[in-house]
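Novice: Between the sequences and the hints, there should be enough to build the whole structure, so can you do that?
Number of protein chains: 2
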Amino acid sequence: MLQFGFDIGGTNIAGGIVDDDANILVKAERRFPKGEGVVAVLNVLQDMFLGLCRELRISKYLIAAVGAAIPGSITFDGASVIDAHNLDFHNVPFKAMLRQRIDTPVYLQNDANAATLAELVSGSLKGCKTAALLTLGTGVGGGLIINGRLFNGGRNMGVELGHMLLKSGGEPCTCGNLGCVESYCSASSLCREYGTDSAKRVFEAAEAGDKRAQTVLDRYIDDLGSAIASIVNLIDPERIALGGGVSHAGDRLLAPLSENVKKKCFFPSCPPIVRAHHGNDAGIIGAAMAHQYQ
Amino acid sequence: MLQFGFDIGGTNIAGGIVDDDANILVKAERRFPKGEGVVAVLNVLQDMFLGLCRELRISKYLIAAVGAAIPGSITFDGASVIDAHNLDFHNVPFKAMLRQRIDTPVYLQNDANAATLAELVSGSLKGCKTAALLTLGTGVGGGLIINGRLFNGGRNMGVELGHMLLKSGGEPCTCGNLGCVESYCSASSLCREYGTDSAKRVFEAAEAGDKRAQTVLDRYIDDLGSAIASIVNLIDPERIALGGGVSHAGDRLLAPLSENVKKKCFFPSCPPIVRAHHGNDAGIIGAAMAHQYQ
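Here the protein sequences come in this chain order: A and B. All you need for the numbering used here is the position in the first sequence, starting with 1, plus 17. All you need for the numbering used here is the position in the second sequence, starting with 1, plus 17.
For the record, the hints were derived by calculation from the structure and aren't laboratory data. Beta carbons: idealized from backbone N, C-alpha and C, even for Gly. One or more of the hints may lead you astray.
Simulated pairs of lysine-lysine, DSBU-like, Cα-Cα distance not exceeding 30 angstroms [what the hints assert, rightly or not]:
1) A:LYS228 with A:LYS146
2) B:LYS146 with A:LYS143
3) B:LYS146 with A:LYS146
4) B:LYS217 with A:LYS146
Derived DEER-like restraints, expressed as beta-carbon distance ranges [claimed, not checked]:
5) B:ARG71 with A:ASN173: 46 to 54 angstroms
6) A:GLY52 with B:GLU276: 33 to 41 angstroms
7) A:LEU79 with B:PRO285: 34 to 42 angstroms
8) B:PRO110 with A:MET18: 45 to 53 angstroms
9) B:ASP105 with A:PHE284: 16 to 24 angstroms
10) B:ASN164 with A:PHE284: 20 to 28 angstroms
11) A:LYS228 with B:PRO285: 39 to 47 angstroms
12) A:ARG229 with B:ASN173: 27 to 35 angstroms
Specialist: Shown next, in the form of structure tokens:
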């Protein structure tokens with residue numbers, strides 16, 4: 018079976034045709050038509066969809082379903098985008114609108130859930146019944162796998178790994194709360210504390226012997242270790258994957274972090290912490306596979 | 018159908034026969050034979066089991082299953098108690114031993130899970146697909162319901178709601194970590210801070226205008242609110258029930274706590290926080306019903 022995935026971001030829209038083994042056969046990227054409204058977005062999507070079918074020399078009727086990963090909240094029934102601030106979408110019945118344009122079943126999904134599903138289907142969380150993906154970027158997001166399926170929260174409004182409280186009453190968070198995981202564990206928080214715009218630079222400076230960089234990194238790893246230990250002690254996943262900018266540090270992050278979590282884990286053994294497998298393609302793959310994991 | 022539940026504690030053993038609507042038909046309590054070994058415990062259990070069957074004037078073969086709630090960890094397969102420190106049980110194949118004595122199928126369960134199951138079957142969490150029970154006693158324990166069933170952690174080693182981190186690097190916890198929920202939200206922590214041995218007294222003093230009691234209570238409610246907000250923002254349960262000594266304060270706790278959680282909840286609405294329904298009977302009921310919820 019073939020399926021199509023869109024990853025709709027506030028800067029770019031990526032799309033691709035994906036096979037049942039989660040390989041992307043063809044893909045493309047276009048600029049998001051900022052400020053031009055929903056119709057302009059639908060024009061871009063329709064054009065990409067038909068263009069990639071042509072490129073693969075297949076009829077559009079060979080595409081079983083189209084998924085769209087959206088950076089925002091989706092209604093319970095998966096029909097509408099409630100709020101996606103970066104797209105300026107508010108209460109948009111996007112499922113029906115896109116379906117009408119491309120004449121194929123459409124599935125909407127939050128982008129963090131799409132990335133988590135991509136890791137479950139063919140990435141770092143493959144085969145897990147219970148697992149978590151944590152993305153360490155501008156903010157902290159992610160998703161949960163429970164009982165082998167994507168878990169979208171008990172009231173189907175999503176999961177907010179970045180807004181667990183790490184230091185009750187601590188630093189202000191963008192959500193209005195004090196002391197959220199995101200305030201201490203985002204790439205932004207790491208960069209801001211050292212005074213750079215690249216998480217990579219903090220790791221490099223520490224490795225070159227810069228003591229201030231090492232102090233900043235020690236604080237960051239201790240806080241991230243506490244956030245992960247909270248998740249472990251609550252739901253004890255089999256595996257935890259890290260994505261986003263900070264995860265590119267690889268073992269320089271994973272080795273000390275794993276040691277830190279081990280000390281804070283309540284259970285006799287600690288689940289492995291690994292790097293997420295799919296980088297920028299996670300949205301396309303997760304969106305495409307969504308219809309098989311409803 | 019009839020089933021039998023044991024709630025085995027380090028001070029007392031409670032047992033009862035339970036019908037399918039989770040009513041206890043007869044029950045009894047005996048002293049835990051401290052320091053006398055597993056065989057002495059089995060003697061007590063066999064005696065209680067046969068005695069209560071006689072009291073109800075039924076054959077023991079009318080009992081479909083026997084459950085035992087244990088204050089400790091159970092192996093994956095439910096066959097053995099790994100560690101139950103208050104019972105001095107370590108690696109005890111208790112399922113087979115008890116089954117041999119009473120000639121009826123036996124199910125072992127952690128006591129916090131048994132209490133959670135009791136609330137799901139016929140108490141404050143009835144009808145919930147996703148919910149949490151938090152018990153505020155000497156420590157902080159509890160359980161999770163996910164997808165309508167008891168969730169025993171991704172690696173089947175339990176869930177530790179009291180050992181999520183509330184203030185990374187904060188107060189020492191009995192588990193060896195710093196800043197766990199238990200260090201701030203147990204009844205013990207509330208009592209210790211005010212200098213009493215009864216949580217009730219702190220609430221009464223605050224109500225009578227004692228400003229120090231009110232300050233202690235404000236701190237406690239703010240921290241408990243943060244712990245609950247962490248659970249809400251991570252898995253967004255439909256309902257949260259509170260048990261244990263502190264929960265007896267009722268609305269004097271629940272009203273300000275609900276306000277506090279509402280402020281910290283990421284979602285547009287906040288799940289209700291209610292008092293657990295089953296008090297001391299929760300262990301008997303949950304243990305008895307375990308075989309129907311495997």
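Novice: Of the hints given before, which are not true for this structure?
Specialist: 1, 4, 12
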